[in-house]
Structures are given as structure tokens and as C-alpha cells.
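Student: Full structure from sequences and hints, please.
One line per chain: the protein sequences are A and B, in this order.
Going from the first sequence to this note's numbering is simple: count from 1 and add 2.
Going from the second sequence to this note's numbering is simple: count from 1 and add 1010.
No lab work stands behind these hints: they were computed from the structure.
Please note: incorrect hints may appear among the correct ones.
[What the hints assert, rightly or not] Dumping the calculated DSS-like pairs for lysine-lysine here, alpha-carbon to alpha-carbon at most 30 Å:
1. A:80 - B:1051
2. B:1013 - A:80
3. B:1051 - B:1066
4. A:70 - B:1013
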Amino acid sequence: DAGVIQSPRHEVTEMGQEVTLRCKPISGHDYLFWYRQTMMRGLELLIYFNNNVPIDDSGMPEDRFSAKMPNASFSTLKIQPSEPRDSAVYFCASKDSVASPLHFGNGTRLTVT
Amino acid sequence: ELKVEQNPLFLSMQEGKNYTIYCNYSTTSDRLYWYRQDPGKSLESLFVLLSNGAVKQEGRLMASLDTKARLSTLHITAAVHDLSATYFCAVVLKNTGNQFYFGTGTSLTVIP
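Tutor: Have a look at this one:
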């Protein structure tokens, strides 16, 4: 099993640009999560999906952030327009059953200048 | 909202010593998870604790859960340098399914 795959690993962009982060969950996992990690705020849940349907997006900071899951093997997190305060590591995670742990990808380190 | 507190935030210990990391949470939960994160890396699942009194052990690490006290502990026995990492606990609200609330993390450094 290849695990959760995220791309790109690093992204450096200028303020105002659009950024798209990508995630491929583990095959067979019904749940997909997007987290953001910063030193100041720790790990924050942004949004999660169950069977490709967004269940809770209350953690999405503002309208500049959007996430989609068009099929069971792919999800995107888009920031438009990006701002310096969006700089963070963004993790995607997936899981199968209710009690199983989250399986995290390697993360995307985003730097907005 | 569920609050999850870990202490200590930073821990420096000598090889061979024992120590315990504590994870307190504010609301009823029936599931607790421990993760390890190495610098610049992803989070790796260590333990899944699903009931009051649950105890899990792997190598020099042992985790336990007391749901009545809303407390989990991660005990380190005879620490070695390879255990240096940041350890997170994560709690799921009872009956809510999938809202994982992460603690602040404990940064552990084991000194030779």
C-alpha cells in the first residue's frame, strides 16, 4: 500500500496567486481529511469528506479556501487568492472504519511571499 | 468544543530514564489516539485506545486511557535517542464519529 499521497511536497508562491494542493487517499478508505499545521495554532481540521461528500467544513478559514473530492481517489484543496498567513504545512489524511486512526500523507509545505 | 491539553509541552530526558506524558481532555470521549511526528515529517499512528482502562504497549512506549478522569498517559521506559520526536494525542467526541481534536504536542528530546 502506497499510503496517502500528496502533491506537491513544497509550494512557494506569491501573494494573490492561486494554489492547488492534491491528495490521493488510501484505496478503500471512505473518509478524507484536510488539516493545516502551524507552530502557533497546531493541527487544525479544515474539512472532511465521507464517501466523497463534504461532511464538515466549519474549519475552512474563509471563502478563499475550497475543497473538492470528485471521486474516491482524489481530492483538492484550493486557496484563491493566497495570502502570507496561509503559509503552513497542509496534511491530507484518510481512514476506513469509524474507530480506525487517521493515516496521514507527507504534507505540502506552502510558503506564500 | 473539545479541548485537549498535553503536558509537558517540552521534555528533555536522559537515555535510560522513565517519564510520562499526560493528555487531558474536556468532554466525554470514547476514543483516543497517540501519534508520533519526526521533524519535517508526517504523523505516524502509534496507539488506538477505545475503552476505559485500555492499555497498549509497543516497545518502550505504553499508552493507557481513563475515560472517567478524561486522561490518557504515554509512558516511556528506559528512553533511547530514537524516541526523540513530537508526540500528539487526539480525541474524538463521543458519538460524533470523526472530529479528531489534537493536543498541542509534546516535544521529546532524549539526550545520550
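Student: Next step is simple, just say for each hint if it's right about the structure.
Tutor: Taking the hints in turn, this is what the structure says about them:
Restraint check for residue 80 (chain A) and residue 1051 (chain B): satisfied, since their Cα atoms lie roughly 22 Å apart, inside the 30 Å limit. Among the hinted pairs, residue 1013 (chain B) with residue 80 (chain A) is consistent with the structure: their alpha-carbon atoms are about 28 Å apart, no more than 30 Å. A hinted pair counts as satisfied when its Cα atoms are at most 30 Å apart, and residue 1051 (chain B) with residue 1066 (chain B) qualifies at roughly 24 Å. A threshold of 30 Å between alpha carbons decides the hint, and for residue 70 (chain A) with residue 1013 (chain B) the separation of about 28 Å falls inside it, so the pair holds.
When the structure is compared with the earlier hints, no violation turns up for any of them.
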